[in-house]
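A.B. asks: Listed below, chain by chain, are the residues.
Number of protein chains: 2
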Amino acid sequence: MQLVFDDSYFMKKALAEAELAFEKGEIPVGVVVVANQQIIARGHNLTEMLNDVTAHAEMQAITAAANSLGGKYLIDCTMYVTLEPCQMCAGALYWSQLSNLVFAAEDPERGYRKMGGKLHPKTKVKMGVLGEEAGELLKRFFIQKRNLN
Amino acid sequence: MQLVFDDSYFMKKALAEAELAFEKGEIPVGVVVVANQQIIARGHNLTEMLNDVTAHAEMQAITAAANSLGGKYLIDCTMYVTLEPCQMCAGALYWSQLSNLVFAAEDPERGYRKMGGKLHPKTKVKMGVLGEEAGELLKRFFIQKRNLN
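Chains as they are written, first to last, in the working numbering: chain R, 734 to 882; chain A, 734 to 882.
Don't take each hint at face value.
The list treats identical chains as interchangeable, and a pair is accepted whether it falls inside one copy or across any two copies.
Claimed, not checked - Pairs of lysine-lysine, DSSO-like flavour, derived with a Cα cap of 27 Å:
1. Lys857 - Lys847
2. Lys847 - Lys859
3. Lys872 - Lys757
4. Lys757 - Lys855
5. Lys857 - Lys757
Simulated from the structure, these hints should not be mistaken for lab results.
Kindly produce the complete structure, drawing on both the sequences and the hints.
C.D. replies: Put into structure tokens, the structure is as follows:
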């Protein structure tokens with residue numbers, strides 16, 4: 734029997750957020766933050782709409798999760814994000830002391846691992862959960878964008 | 734004759750922002766962003782007040798400067814910040830394509846250079862402008878904090 738609230742379940746919720754970004758013409762990246770099996774924050778990339786390079790899905794979700802928790806540390810939280818975080822988001826997650834990071838697609842060019850960014854030493858990382866689906870969505874976005882230009 | 738609008742002039746404005754943070758019990762870091770010799774954004778650290786690890790002075794100033802410019806890239810802008818940026822802020826500055834970064838005090842522990850973060854290849858860096866003053870303010874903050882605990 735499959736657990737209902739497993740990593741795939743929550744990553745699907747993050748993918749739904751990424752699709753919202755897609756519909757707005759934003760690079761499709763989505764996030765949910767989970768504490769005690771409950772989603773306490775959601776976010777999707779809004780850099781174009783807000784004209785703000787800091788408006789990555791993860792940044793918004795960190796702020797929203799802290800508001801939800803009433804404290805700025807995301808200890809005992811899991812972030813599900815559809816793309817490997819960049820160094821900015823990894824740096825924010827470092828300060829948040831996030832307990833678990835799960836990401837779908839890898840970002841071999843701008844991901845924090847390539848760029849040299851560091852997560853908090855206490856953060857456990859799992860990658861590749863629904864990686865193919867997340868990668869397909871990104872690919873579809875960039876193909877569509879190229880065809881429009 | 735000394736130029737009025739030199740690096741020291743703008744760093745003093747950033748230090749004034751840092752003092753506002755100090756008065757609020759925040760780690761005293763301040764920023765101004767300058768374009769065409771004019772300050773287009775200011776900010777100071779508000780992580781405690783906002784309960785938000787992303788509320789570093791630089792992050793707020795990047796958002797404010799983009800609002801002021803009506804575009805998300807800080808090309809032809811100079812950021813003056815009283816402390817070496819962390820990897821989160823360096824990552825945000827990377828995306829912003831900031832032209833010039835001037836910082837006062839170095840941060841040998843959490844600064845982006847130690848943490849492995851990367852600025853945009855086009856960003857020119859100058860350090861040590863009023864570094865002693867900025868360092869003194871930080872030292873005074875941590876001494877006061879220690880004495881209160």
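A.B. asks: For each hint, tell me whether it holds in the structure or not.
C.D. replies: Hints, one by one, checked against the model:
{"no.": "1", "hint": "Lys857 - Lys847", "result": "both (18 Å within a copy, 22 Å between copies)"}
{"no.": "2", "hint": "Lys847 - Lys859", "result": "both (16 Å within a copy, 25 Å between copies)"}
{"no.": "3", "hint": "Lys872 - Lys757", "result": "within (16 Å within a copy, 46 Å between copies)"}
{"no.": "4", "hint": "Lys757 - Lys855", "result": "neither (35 Å within a copy, 30 Å between copies)"}
{"no.": "5", "hint": "Lys857 - Lys757", "result": "neither (32 Å within a copy, 34 Å between copies)"}
The structure shown violates the earlier hints numbered 4, 5.
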